[in-house]
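I would like the entire structure built from these sequences, with the hints used as guidance.
Protein chains: 2
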Amino acid sequence: MTRSPVLLVHGGAWDIPADLLDAHEQGVFDALQEGWKLLESGGTALDAVQAAVTVLEDDPAFDAGRGSFLTRDSRVQLDALIMDGATLRAGGVACVERLRNPIQAARLVLDESSHVYFVGQGAEEFAQAHGLPLIDNAELVLDRERRRLAEAQARENAGTPDNTFSGRPPAEPPDSHDTVGAVALDQHGRLAAATSTGGTLNKDPGRVGDSSLIGCGCYADNASAAVSLTGWGEPIMKLVLGKWSTDRVLGGGSPEQVAPDAMAYLFRRLGGHGGIILLSPDGRYGMAHNTPRMAWGVHTADGPRTGTKL
Amino acid sequence: MTRSPVLLVHGGAWDIPADLLDAHEQGVFDALQEGWKLLESGGTALDAVQAAVTVLEDDPAFDAGRGSFLTRDSRVQLDALIMDGATLRAGGVACVERLRNPIQAARLVLDESSHVYFVGQGAEEFAQAHGLPLIDNAELVLDRERRRLAEAQARENAGTPDNTFSGRPPAEPPDSHDTVGAVALDQHGRLAAATSTGGTLNKDPGRVGDSSLIGCGCYADNASAAVSLTGWGEPIMKLVLGKWSTDRVLGGGSPEQVAPDAMAYLFRRLGGHGGIILLSPDGRYGMAHNTPRMAWGVHTADGPRTGTKL
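Those protein sequences? They're chains E and S, same order as listed. Sequential numbering from 90 applies to the first sequence in this note's numbering. Sequential numbering from 90 applies to the second sequence in this note's numbering.
If you are wondering where the hints come from, they were derived from the structure by calculation, not from laboratory data. Incorrect hints may appear among the rest.
Facing chain E, according to a computed beta carbon distance under 7 angstroms, are these residues of chain S, among others [as the list claims (entries may be wrong)]:
no., residue
1, 177
2, 183
3, 201
4, 204
5, 207
6, 211
7, 230
8, 294
9, 295
10, 296
11, 303
12, 304
13, 326
14, 329
15, 332
For every residue, glycine included, the Cβ atom is placed at its ideal position computed from N, Cα and C.
Shown next as structure tokens:
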């Protein structure tokens, strides 16, 4: 039986400023186009989420790939995970500094390794051994981000540190979460999910958030659902919120209802903020965020839809 | 209300050879003694699991801390996670090479960082900045492990690679999984869990398994249960089996039944092998393994019990 494909993408949940709305909406639209091309012609969900996330990594509007936030010591460190819901095969990389597209390295781990997860230099060496070029970290760094880091560190030195990720509820809405992700259902009924991030602004070197952690920021299982999350990483990790969400679908919840339930649970238990896209094997889907905005896109046989707020 | 404390430890699930049984049983006994001393005198579950795992890391019989398996390029790379079920605070480190006790670094992440998870050099620098000495990797390497690696690589070169972790069910029982872990309930009714590992023999540098991944090899939530797993890491990760197990307890399952259920699920879905210790807030506990043996220990007010097979 051939199914009607579905592709969902997000470009991060936060308080996107008015002057960046167009760039964010264009970015998720472009990602939908690339992923949908594959799904439409019978391609796999796995290839579609990889293609969509590659577009978002390449787009400097988002905190993934080139243009990501900088660490405390002015480097870009990237994390990504991709998962095939049909087989439960997964591949992830974290804290890589010399790869342009960490989602492609993650896919190589999924396809070519007996392991699931590689970090740091070992991850870079694995990717290089399987054909990805290593680049200089400076190629991933934008002047915009150097300025943003300097401003954040000036605020910190002035005694007003950004507590967004501290585990304490922030006094104000989180500053910026441009993590990107995609979930897809293909004509063969297979689910897949992918998430990629540059992490948090001014993060300590070596910090890894929820995005590349299996069951946290990304998960896919044809027995339940596919999910990608964005937002305040540490609370999402503590609740293993991706797995929580897909398990709710397994238990009979509709993705439409489970997505906002997940955000409510995140806030109720830990005061967390974020966003979610969630897709079940029957093609039903849900999206939600408890931040002011989230860049989102959905493509079905009826065409693409995008927005920056649900 | 004061509760009667409970402490469970494991020293890995695999086919422990006859000549190593005594060393393994002594090791889990020693870990119980250290952890129980704290629990008995009103200490926290978090301190108890840290103390127990520190003993197991220091014991060269186990694949954690000094004496761990070597990577393909003859280094020790260590992963650990600790989690406080009362607050959901967690701290983890992965792929660290210069720390004698990764569980102590993980505890520092839990206590001192706004983040949850650090990997590689950034994790080592965080630990050093918070008072842990960095050591030379060679201090963690035993001659025994150099010989074991040479033998594994000779087998690999002879065309009989160890597929233990390949995602394909092994032709024979897995070679060796000496990951260590502990779960505890203290007098105040707080749960905690900790897991530490040197990973797999002859692993690719940078590979991270289930042990330090939140919800996979370790999890604790006073609303459900505390768990530590050991075994074939990749299948455990793909099923997010720690969270799966604690959720079953939340759903009304008894730890006694959920522990073997988790092993059955691991094998049924992915052909995986491993072991589990699981403890609920009411002090009930379960242990199981589907490997030939698992070093285990339990301490209650009735005293300590240990074994190498359930």
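Checked hints:
1. 177: holds, 4 angstroms
2. 183: Interface hint status for residue 183 of chain S: holds (6 angstroms vs cutoff 7 angstroms).
3. 201: With Cβ-Cβ at 11 angstroms, over 7 angstroms, it is violated.
4. 204: holds, 4 angstroms
5. 207: Holds - the Cβ of residue 207 of chain S comes within 7 angstroms of chain E, reaching about 4 angstroms at its closest.
6. 211: Constraint on residue 211 of chain S satisfied, holds at 1 angstroms.
7. 230: Violated: closest Cβ of chain E sits about 17 angstroms from residue 230 of chain S, beyond 7 angstroms.
8. 294: Hint on residue 294 of chain S: holds, closest Cβ of chain E at ~4 angstroms, below 7 angstroms.
9. 295: Hint on residue 295 of chain S: holds, closest Cβ of chain E at ~1 angstroms, below 7 angstroms.
10. 296: The hint holds - residue 296 of chain S has a Cβ within 7 angstroms of chain E, the shortest such distance being about 4 angstroms.
11. 303: holds, 5 angstroms
12. 304: With a minimum Cβ separation of about 4 angstroms from chain E (threshold 7 angstroms), the hint on residue 304 of chain S holds.
13. 326: Given a least distance of 5 angstroms, the restraint on residue 326 of chain S holds.
14. 329: For residue 329 of chain S, the interface hint holds, since the closest Cβ of chain E sits about 4 angstroms away, which is under 7 angstroms.
15. 332: With a closest approach of 5 angstroms, the residue 332 of chain S hint holds.
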